[in-house]
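**Q** Keeping their order, the protein sequence lines are chains A and B. Quick note: the first sequence, position 198, residue 198 per the numbering used here, numbers continuous. Quick note: the second sequence, position 12, residue 12 per the numbering used here, numbers continuous.
Just so you know, not all the hints are guaranteed correct.
Unchecked claim - Keeping only pairs whose Cα atoms sit at most 30 Å apart, straight-line, the calculated DSSO-like set for lysine-lysine is:
1) B:Lys-231 - B:Lys-12
2) A:Lys-113 - A:Lys-124
3) B:Lys-6 - A:Lys-188
4) A:Lys-188 - A:Lys-162
5) B:Lys-6 - B:Lys-85
6) B:Lys-85 - A:Lys-188
7) A:Lys-188 - B:Lys-12
8) B:Lys-39 - A:Lys-188
9) B:Lys-85 - B:Lys-12
10) B:Lys-231 - B:Lys-39
11) A:Lys-113 - B:Lys-39
To be clear, the hints were calculated from the coordinates, so they are not data collected in a lab.
Listed below are the residues making up each chain.
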Amino acid sequence: MILGSINPAVLMAALMVAATPILLAAIGELVVEKSGVLNLGVEGMMIMGACVGFIVAVNSGSPFIGFIGAALGGMALSLLFALLTQALMTNQVASGLALTLFGLGLTALLGQKYVGITPPRTPKLDLGVLSDIPFLGRAVFSHDIVVYLTIALVGAVWWFLKYSRAGMILRAVGENHDAAHGLGYHVKRVRVLAIMFGGACAGLGGAYLSLIRVPQWTEGMTVGAGWIALALVVFASWRPWRAMAGAYLFGGVVVLQLNLQAAGVRIPVEYLSMSPYLITIAVLVVISSGKARGSLNAPGSLNRPFHASS
Amino acid sequence: MIRLEKRKEPSKFWRIANPFLAVALTMLAGAAMFAMLGKDPVVAIRLIFFDPIFSETFGSYSRPQLLTKSAPLILIAVGLAIGFKANIWNIGAEGQYIMGALFGAGVALAFFPAPGWYIFPLMVLAGAFGGFLWAMIPAILKTRFNTNEILVSLLLVYVAERILAAMALGLMRNPDIAGFPGSRDLRRYEAAHNAELFANTGIHWGVVAALIAVIFAYVMMTRHMLGFHVKLAGQAPRAARFAGVAPARLVIVCLGISGALAGLAGMFEVSGPGGQVRIEFAAGYGFTAIIVAFLGRLNPIGIVLAGLLLGLTYIGGELGQMMLQLPGAAIQVFQGMLLFFLLALDFQTNYRMRLTRGVRT
């Protein structure tokens with residue numbers, strides 16, 4: 001039995017690493033969509049983060065500074081989106097696509113001289129006794145700090161959206177921008193801030209790929225992770241903890257598929273490697289159909305432009 | 001301060017003028033980019049936009065290339081534009097293009113080495129069918145399960161790319177050459193070769209198909225009920241439902257047409273300029289075609305012009321790589337910028353800038 005050769009603790013550990021980049025991007029996009037904006041440029045912002053983070057980390061020698069650079073890079077690209085959709089009232093779908101196409105091209109240009117370089121290593125977090133617990137120590141408590149910070153971020157976003165005043169304003173803007181405007185909230189300001197947060201998160205997710213997961217820079221290295229993050233937000237019905245569950249589920253599929261490849265199953269690698277995309281589609285189908293119509297939970301003003309006519 | 005005021009009617013003037021303005025701005029921004037890369041900006045821009053056609057040294061080689069490169073872009077974009085008009089977003093044309101190529105090449109390889117006039121027409125049908133089939137996945141999931149067609153069609157691109165790789169390495173690999181991925185060269189198989197129809201013009205059957213598609217789309221959008229329904233569904237979905245437009249049918253039709261056309265484009269490419277099923281076969285035409293559709297204002301005639309321009313940037317980009325060692329990715333940046341500028345400029349189409357005194361009420 002091939003599966004027998006796979007150590008569950010190692011699998012669990014790899015799963016958390018595989019899930020982190022898409023979870024980061026998804027949690028950012030979740031906030032953006034909660035504010036009523038659909039930014040389809042996640043893939044572009046992610047690759048931007050992967051590229052900028054890599055370049056900054058290599059030149060500064062510090063992965064930490066690299067991650068900051070990645071967040072800023074993703075944010076810079078998202079500001080372009082904010083300018084287009086909020087100030088110039090462009091179509092959000094088209095602008096998001098433009099962001100992705102532009103990001104993929106720009107990073108291919110920027111990263112040219114960085115192909116084949118190894119980035120500075122990100123140290124594993126020393127959790128002392130916790131890491132020595134059998135099974136759990138290996139599976140859960142032996143990661144770099146980003147994995148844990150990402151989980152903390154999910155909790156923070158959950159708290160922010162549910163309990164904080166600013167979070168409620170953000171949700172109000174997303175549910176009904178006319179009413180929110182009528183109450184005196186600054187619809188555009190809220191949305192621009194949300195878009196920037198989404199850009200920073202996507203950038204961090206990209207940098208996690210190029211600095212820790214892979215770790216290398218190659219052109220177009222996100223191969224659809226941004227789109228999977230977008231699907232994850234739908235899957236999660238715009239709920240933070242469900243996004244995390246979805247990301248870990250997805251990470252599990254990726255890791256299992258990679259393990260099957262390594263174990264030499266008699267299925268060509270190409271077919272195994274398409275499984276994450278197929279499963280994402282299957283999950284989308286399940287979630288958007290039937291009684292549990294997840295899409296009913298979508299923010300009311302999602303993908304609708306706002307222009308104060310008064 | 002400056003205030004935006006919504007126009008009652010979109011400005012016709014800016015609708016036509018903006019694409020030209022966007023191209024001009026892209027050239028300026030591109031020149032700045034080349035200067036930053038340490039290349040002479042004037043030479044680089046000339047090399048990309050003018051030399052492929054007007055240069056005496058490269059013209060004879062690159063002029064025929066123009067139609068060869070533009071045809072798939074136009075073919076795909078015409079189909080996409082119909083859907084975009086109806087607010088149906090097929091952004092996975094790249095995947096449909098790949099599947100069309102695989103279906104078309106599959107027919108050719110199945111018949112190899114038999115001669116026969118019927119092989120090429122069969123390949124055309126198979127190519128269109130392959131693209132159609134691939135587009136039906138998001139279409140049916142959308143109509144049956146309300147699944148987002150943007151995400152599904154896009155995710156299927158990655159699936160198609162992996163099927164392409166599996167085919168090039170497995171089922172369709174040339175059995176006569178051991179060890180190399182890639183299928184037989186269809187250009188050497190006369191019955192399946194999509195050859196130039198007139199020597200040195202670059203006109204092959206794909207160019208003819210693009211022309212037919214443009215005329216077909218133009219007639220459909222301006223003279224046929226279906227075109228009216230498409231526009232109505234895009235601009236006023238509620239009114240469209242009262243007018244008897246079935247949203248589900250429209251999704252199937254729009255995705256079906258664009259899928260079939262993308263499949264055709266892939267099939268003409270694999271049997272002609274591309275030549276064989278290879279892992280690197282897909283060159284991003286499916287994504288560039290999205291830019292072509294927008295730049296052409298979703299209008300068939302506009303798409304022809306936009307397709308020629310972007311086809312030109314492909315050739316110019318290759319020239320730039322050869323002559324100035326410009327990075328290949330520069331052209332991708334170019335194309336992305338073009339779409340940005342166009343979208344940004346379009347606010348003038350729908351809004352008017354007003355200078356107002358004092359504080360906004």
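**Q** Which of the listed hints are not met by the structure?
**A** Numbers 8 and 10 - these are the hints that the structure violates, sorted from lowest upward.
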